[in-house]
Every structure is written in C-alpha cells, then in structure tokens.
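For reference, the chains in residue letters:
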Amino acid sequence: MNEKSINISDVINLPLDTKEQKKAVDSKTPCVVDGRLKVYNPDEDNVKRLLELLKNKLSRQVVGSMVGCVHCGMCSDACHYALVRPYDPTMTPAYKADQIRHIFKRHFDWTGRLVPWWVHAGTPKDDEDLKRLKNIVFGTCTGCRRCTLNCPMGVDTAILVRLTRGLLTELGIVPEGVFVVSKDSWETGNQMGVTQEDYLETIQWMEEETQAELDDPHFKIPMDKEDCDFMYTINPREVKYDPRSIGNAGKIFYCAGESWTMPSWGWDQTNFGLFSGDDKLGGYIAKNLYEAAKRLRAKRIVISECGHGYRSTRWEGYNWAKYKQDLPSESVVVTLIRYINQGRIKVDPSRNPLPVTYHDSCNIARSGDLTEEPRWILKRVCADFREMYPNRSDNFCCTGGGGALSMVEYKPLRMEVARIKAEQLTATGAKIVCTSCHNCVDGLTDVIKHYKLDIKVAQILDLVADALIIPKKNEKK
Amino acid sequence: MSEFLRILEYEVQIVALAFMGTVYILRLIWMFRFKAGKEITDPVGNPRVGIAYSMMNVAMPWAMESARKNWNFYAQFVIFHVGVVAAISATFIIPFWPGVFEIKALVRIFQLALGAAFAVGIIRLIRRITSPTMRLISTPDDYFSLVLMSSFFASGVFAVPNEYEVSEWPLIIFFIMTTFFLLYVPFSKISHYLYYPFTRYFLGKTMGHRGVFPRKRGGERPAGLEG
Ligand code: SF4
Ligand code: SF4
Numbered sequence: 001m002n003e004k005s006i007n008i009s010d011v012i013n014l015p016l017d018t019k020e021q022k023k024a025v026d027s028k029t030p031c032v033v034d035g036r037l038k039v040y041n042p043d044e045d046n047v048k049r050l051l052e053l054l055k056n057k058l059s060r061q062v063v064g065s066m067v068g069c070v071h072c073g074m075c076s077d078a079c080h081y082a083l084v085r086p087y088d089p090t091m092t093p094a095y096k097a098d099q100i101r102h103i104f105k106r107h108f109d110w111t112g113r114l115v116p117w118w119v120h121a122g123t124p125k126d127d128e129d130l131k132r133l134k135n136i137v138f139g140t141c142t143g144c145r146r147c148t149l150n151c152p153m154g155v156d157t158a159i160l161v162r163l164t165r166g167l168l169t170e171l172g173i174v175p176e177g178v179f180v181v182s183k184d185s186w187e188t189g190n191q192m193g194v195t196q197e198d199y200l201e202t203i204q205w206m207e208e209e210t211q212a213e214l215d216d217p218h219f220k221i222p223m224d225k226e227d228c229d230f231m232y233t234i235n236p237r238e239v240k241y242d243p244r245s246i247g248n249a250g251k252i253f254y255c256a257g258e259s260w261t262m263p264s265w266g267w268d269q270t271n272f273g274l275f276s277g278d279d280k281l282g283g284y285i286a287k288n289l290y291e292a293a294k295r296l297r298a299k300r301i302v303i304s305e306c307g308h309g310y311r312s313t314r315w316e317g318y319n320w321a322k323y324k325q326d327l328p329s330e331s332v333v334v335t336l337i338r339y340i341n342q343g344r345i346k347v348d349p350s351r352n353p354l355p356v357t358y359h360d361s362c363n364i365a366r367s368g369d370l371t372e373e374p375r376w377i378l379k380r381v382c383a384d385f386r387e388m389y390p391n392r393s394d395n396f397c398c399t400g401g402g403g404a405l406s407m408v409e410y411k412p413l414r415m416e417v418a419r420i421k422a423e424q425l426t427a428t429g430a431k432i433v434c435t436s437c438h439n440c441v442d443g444l445t446d447v448i449k450h451y452k453l454d455i456k457v458a459q460i461l462d463l464v465a466d467a468l469i470i471p472k473k474n475e476k477k
Numbered sequence: 001m002s003e004f005l006r007i008l009e010y011e012v013q014i015v016a017l018a019f020m021g022t023v024y025i026l027r028l029i030w031m032f033r034f035k036a037g038k039e040i041t042d043p044v045g046n047p048r049v050g051i052a053y054s055m056m057n058v059a060m061p062w063a064m065e066s067a068r069k070n071w072n073f074y075a076q077f078v079i080f081h082v083g084v085v086a087a088i089s090a091t092f093i094i095p096f097w098p099g100v101f102e103i104k105a106l107v108r109i110f111q112l113a114l115g116a117a118f119a120v121g122i123i124r125l126i127r128r129i130t131s132p133t134m135r136l137i138s139t140p141d142d143y144f145s146l147v148l149m150s151s152f153f154a155s156g157v158f159a160v161p162n163e164y165e166v167s168e169w170p171l172i173i174f175f176i177m178t179t180f181f182l183l184y185v186p187f188s189k190i191s192h193y194l195y196y197p198f199t200r201y202f203l204g205k206t207m208g209h210r211g212v213f214p215r216k217r218g219g220e221r222p223a224g225l226e227g
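Chains as they are written, first to last, in my numbering: chain F, 1 to 477; chain E, 1 to 227.
Treat the hints with caution; some may be incorrect.
Here are the computed distance ranges between Cβ atoms for each label pair [what the hints assert, rightly or not]:
{"id": "1", "chain 1": "E", "residue 1": "K38", "chain 2": "F", "residue 2": "K299", "range": "20 to 28 Å"}
{"id": "2", "chain 1": "E", "residue 1": "G21", "chain 2": "F", "residue 2": "D17", "range": "51 to 59 Å"}
{"id": "3", "chain 1": "F", "residue 1": "V408", "chain 2": "E", "residue 2": "R135", "range": "27 to 35 Å"}
{"id": "4", "chain 1": "F", "residue 1": "Y87", "chain 2": "E", "residue 2": "E168", "range": "33 to 41 Å"}
{"id": "5", "chain 1": "F", "residue 1": "V408", "chain 2": "E", "residue 2": "V85", "range": "49 to 57 Å"}
{"id": "6", "chain 1": "E", "residue 1": "I40", "chain 2": "F", "residue 2": "R344", "range": "26 to 34 Å"}
{"id": "7", "chain 1": "E", "residue 1": "R135", "chain 2": "F", "residue 2": "E387", "range": "36 to 44 Å"}
{"id": "8", "chain 1": "E", "residue 1": "K69", "chain 2": "F", "residue 2": "S9", "range": "24 to 32 Å"}
{"id": "9", "chain 1": "E", "residue 1": "V147", "chain 2": "F", "residue 2": "E291", "range": "45 to 53 Å"}
{"id": "10", "chain 1": "F", "residue 1": "N13", "chain 2": "E", "residue 2": "G21", "range": "45 to 53 Å"}
{"id": "11", "chain 1": "F", "residue 1": "D17", "chain 2": "E", "residue 2": "F34", "range": "33 to 41 Å"}
{"id": "12", "chain 1": "E", "residue 1": "M56", "chain 2": "F", "residue 2": "P15", "range": "30 to 38 Å"}
{"id": "13", "chain 1": "E", "residue 1": "M60", "chain 2": "F", "residue 2": "L327", "range": "47 to 55 Å"}
{"id": "14", "chain 1": "E", "residue 1": "F92", "chain 2": "F", "residue 2": "P15", "range": "29 to 37 Å"}
Covered stretches of chain E, going by a simulated chain F footprint (3 or more residues, C-beta under 8 Å) [unchecked claim]:
{"id": "15", "stretch": "152-158"}
{"id": "16", "stretch": "210-216"}
Hints listed in this document are in silico derivations from the structure and should not be mistaken for laboratory results.
Cβ atoms here follow ideal geometry from the backbone N, Cα and C, with glycine treated the same way.
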C-alpha cells in the first residue's frame, strides 16, 4: 500500500479560488446579498477582522485549549495524517492548533504580548498568510478529535481547528466546496441543494417501491402527519444517491407497527455548520428541524444514520441555535434496538452471511455516545461479525470527516492518509464494512476504490432490512 | 547558616511565593472573564462522572492510546512529575521542617527522585532537539522551561542533605533557582498545572454529559442493551 508522498507545500500554498463566490454575487444569491454568507473581499483588512472575530469567539473552554498545550507531542501518534506521514512534522495536531494559538498568544496572552518571540506568538502578515491558514485547517485535519482524546492535558485541538475554520468562513477565505455547500444550506435548508419537489418525489417513489416489496398498497411514508411517535429526519444524500435507505427505514417502521412521519421542511439532519465552523448556519439548520418537530407535535426526533448529522442534531445544534431541548432525540440505531428488544421486528442473521466489520464514525464514537449499540444490532443481524482494531473511540477516521468530501483540492492528501484506514479494513478480512454514517459511506468508498479493496460498504439499516423477516399479511396486527 | 542564606530561604521565598500566588489569582480571574459554554441538551451520561474520569485520566495510562502505546513516555512523565513534587517539597522542608532531612534514608529517596527526574529532563531535551516534529512545535519557552526544570532537579540533589555547615553553595544555588522559578513560572508553560483542571474539567463535562466518558472498551454495555 505504498504510494508516492504528496509535497505538503503544494497543499499549503493552494490559492484561494473564488469563482463560485463571484457567481453567487453576480446572480444576487439571497444569503450572499443579505450577508449571511460572506464572500472574500481583498480590499478589506481581513487580518484585523479576524482578530475582532476571534475576540468574540473566545470562551473559557477555547481559552483553556489555547493556553493548555505543553507541546509534549503525544498527539502526533493519534492523528492519521501524522501517522501516515511521520517525516512531515506539519501534520502534528499541535502544529495545526498552534496556527491559531500563535495569534491568540500575540493578542490575548500576557507573555505573548510582552515577549512574542519567546512563545512564537505572532499575527498573520496579510491575506496570503490567511490563505495558508485556510489550507492547514481545512486541508490537513478532518476534525476527528482523535488527538483530543489522546492529549494528556485535555487540549481540544479539533475545537481550535473548527474555531479557525469559522473565523475564515466569516472572511470568505474558504475552499470552494465549503462555500458552495454553505450556500446550498442557506438557500434550500439542506446541504445538497435538494429541491422541495425532488424531496417529495423521491419519498413518493420510495413509497411505491416499498408498497410493491411489501405487497401492501396501504403502506405509506407519512408526510407532515401530526401527533406521531416520532419525526424521522434524513441526510440529503439519501434523497440524492441512496433513496433505498428511506424505503428500508419505512419498511422496518411498517413491520414494527410504528406511528411516524417525515416533515416536508426541516428534514435535513446533517449540518454543514459543524464543518465550516459557522455556528449561525449550524443554528439555522438545526432550528428548522426542531421547529418542524414542534409543528408536527412529534413525541421524539429520530435521526437516520449519519455521524455528523447525529452529533449536530442531538448535541451541537441545540447549543448553536440556543434552543432548549424540548423533545427527546435519538439515532435510528437506538430505535432499531427497541424494536428488536420488544419483539416488534424479527431478524434472521443467516440472511447476512458474509463477514461484516464495523467502522465507528468519529462524530458518533468520539463526540457522541454510540459505540455498543451498533455492535449489539450487528451481532443479531449478521452471521459473522468481526471487530476492527482499534475500535470505538479509538477508531481512525474514514478520512472523509470534517467536510473533507466537499474539498476536492485536498483529495490527494486525503487518499494518501487513507492508507491507515485501508490497512485497518484489510486486517479484518471482512467483505462488508458497516458504518452508521452516510458521510463515512462515501469516505470509505473512496478508500476502498483507491486502495482496490474487495470490500463493500453498508449501513446498519441496510443490514437490518436484509435480515428482516417480513410477517405474512395475516400475521401482521 | 549565613544571614544571606537565611534570608534567601525565608524572606525571599515568601515574597516570591506571594508574587506567584498573586499572578496566579490574576490569571484565574482572567480565565474566568471568558464566558463558559452552556450545554442545553438532555444528558445521556453524567457530567460529574465525566469530569472525575477526565481529571483522573493522567493516572489511568490504560485509558489513553497515546499512553498505552508509549509506556516508556508515560514512565518518563511519572518520574519527571515525582521529581517536581520532590523539588517543591524540598523548598518547604529545608527552611520549615529541617528535621525531616536528618533522616538519611529520606534524603536518599529525594535524591533518587530528583536524579531520575533530571535524567528524564535530559532525555526530553534531547528528544525536543533531535525530533523534527518536536523542533517544529517547540518555542524558546519550551526549551528554557525544560532546562530550568532539569537544573532545578540537579541542584536539588545536592541541596536536600541540607548540610550548610559543610558548604552553603548547594543550598544557595537551589534557593536562587527556586526564587527565579517562582517568578518565572507564572509566565511560562510550566503553569500548565494551573490550566490542567480547566481543560480537563470542560472536556470531562461535555464528554460525560454525552456519555463518551468514561470511555467504553470492548464488552461494556450501556443500560438498555439487555438480552
Ligand atoms: S498532546 Fe496535547 S499538550 Fe501535548 S502537544 Fe498535543 S495538544 Fe499539546
Ligand atoms: S482532529 Fe483528527 S485529523 Fe485533526 S489534527 Fe486531530 S487527529 Fe488529526
């Protein structure tokens, strides 16, 4: 699995591409016109702006991570970038965090203000420095938080990287992909720019497919139905590339005799604000969803399989939107456990005979709370489940985290770094790698293609649907 | 004991200690002036358990892969910090409870701890200088702090016998270093012990709230996964 190593200066010096920004300005895209989404202005004093923004973003937690690093270097062994490129010191998490730490020290910390050179405190000279900063925080970190959990001091490097991304987003100094996805999120309420029409048509199509599969014309994917047990929210990728997962969910809910609904607006459980560091966007998307559940008087929110979507909807979104949690929300994985436990669905593991391994999504295992639940299900729906090592909160990122899939310019580096994931996958001997994240599906697919592995990617819901024993019509209550 | 050494051991130390304490209080006020983030979601785990787990992390090398994979480094960490405790204790024992160092076995234990910490300090300095990764992230403060600590340990080895009647120089050097140490530390990265509770508290609170801490290893099942 050896391959040519990327010259890191080619990555760090990638120029800022603003074609999409210009297009958005020319076509008077509302979120750009009203300033919700910023475009790069070379005439502005961007360094000064960055310092003002930084001042407003400093919380006690952030300051703790700014001042707490002792430069012990322990985090370098935790990061997949640093492990694959041990000869490249710029891959060390502490180095990446130091890029913003130096600025913080120069302007907010005593020693840095008095004797900057002593602690390497400094201010970016110009926009070129900010563009290099963009390439470091967007291009060399997937925000996986592996370094965070391996730092003896408890320094949260991933949070500092996200903070820096957020500052640069406010200046329009972002990769093109980040700009485009943010624009789509503001404009359409979902990160893939799926139109309302496409969304509803896809649901309709899946409803018909599932009716045929179940041989029941009464099967429905209930839209905007009030007072249900839960509101089901999905990843726009399911509409665009994997509608089968919506059908599978419907089929399982049908067999479990569930009372559920999907909203026609506020249905995107993913949230690009997590990746771009834009709390405003994060709050907007999350609030859409919370308000939809309120509008429909749902008793809970169920989140389809997506790592960052789960993290955003279940945890961060409430904080970004300053929205006090008023309903329980859970991953669909937890819903499935309830069905199996209560005997509401029956599964036959022999229908999934191939060896299956499980990839823990970073956002679920390190920033969420689900490590045992997916395994509990897989052991019941697969005949041959195998662990991947390391696993749970020690697992390595699929390399598609942190919005990396939307930043094509960094893909060569990402694929080089993916070697560690490829080796992990190969060692299991599994034929299927299961994950509970749509983003990881794409990340893992890239790894598998690039390293030519004989493995397929699946999600828990797919495997449960495959193992599902569909009751005969007269058996169903 | 000469008057010079006496003043150095008592008055000078007390003034330097008061200075350090004052700077630390100001530093804490500075930290507390930044707003604390608030978690407004329903918890899955217990934030208090998460905080306790996070704080104890340093004493649980099995809980962190970086320590599990680097036992050697973890051992160095323990030895170094035992040396820190020994050196700081000596700065109080010598002037205030000199009788303690009349117990020769105790003096040997302190010398062993300080000598081992000095050796670790040198190993760490070599690592910081020779490893390109460490060089890239190191600041002058990082090098100086390590040199300072290592010299402090070395001077402690000769000071703890507290034999001023034989020669005062080991004690004079040790207490001059202590004074400098007390004045310099609040402005250097050596203050990390002041920040440790902060970073660990916040990380533990969030991770405990979300049920990530205590970290689950294979075989542990959260409630609800019966059957
Ligand atoms: S492990 Fe933590 S303290 Fe050590 S260099 Fe990395 S971030 Fe800094
Ligand atoms: S968050 Fe992950 S990718 Fe980023 S520096 Fe830390 S370990 Fe590396």
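Hint by hint, here is what the structure shows:
The hinted window of 20 to 28 Å between K38/E and K299/F holds, with their beta carbons roughly 26 Å apart. The beta-carbon spacing between G21/E and D17/F, approximately 53 Å, falls within the hinted interval of 51 to 59 Å. As the Cβ distance of V408/F to R135/E is approximately 33 Å, the hint placing it in 27 to 35 Å holds. In this structure, Y87/F and E168/E break the distance hint of 33 to 41 Å, their C-beta atoms being roughly 51 Å apart.
A C-beta distance of roughly 52 Å is found between V408/F and V85/E, which places it inside the suggested range of 49 to 57 Å. At roughly 32 Å, the beta-carbon separation of I40/E and R344/F lies within the given 26 to 34 Å, and the hint holds. At about 38 Å, the CB distance of R135/E to E387/F agrees with the hint of 36 to 44 Å. Against the hinted window of 24 to 32 Å, the Cβ-Cβ separation of K69/E and S9/F comes to about 30 Å, which satisfies the hint.
Between V147/E and E291/F the beta carbon distance is about 59 Å. The supplied range of 45 to 53 Å is therefore violated. A hinted range of 45 to 53 Å for the beta carbons of N13/F and G21/E is consistent with their spacing of about 48 Å. The hinted window of 33 to 41 Å between D17/F and F34/E holds, with their beta carbons roughly 35 Å apart. The supplied range of 30 to 38 Å is broken by M56/E and P15/F, whose beta-carbon atoms lie about 47 Å from each other.
Taking the beta carbon of each, M60/E and L327/F are about 36 Å apart, not inside 47 to 55 Å as hinted. Under the hint 29 to 37 Å, the C-beta atoms of F92/E and P15/F, about 59 Å apart, miss the expected range. For the stretch 152-158 of chain E, the stated coverage by chain F is not satisfied: 0 residues place a CB nearer than 8 Å to a CB of that chain, which falls below the threshold of 3. For the stretch 210-216 of chain E, the stated coverage by chain F is satisfied: 5 residues place a CB nearer than 8 Å to a CB of that chain, which reaches the threshold of 3.
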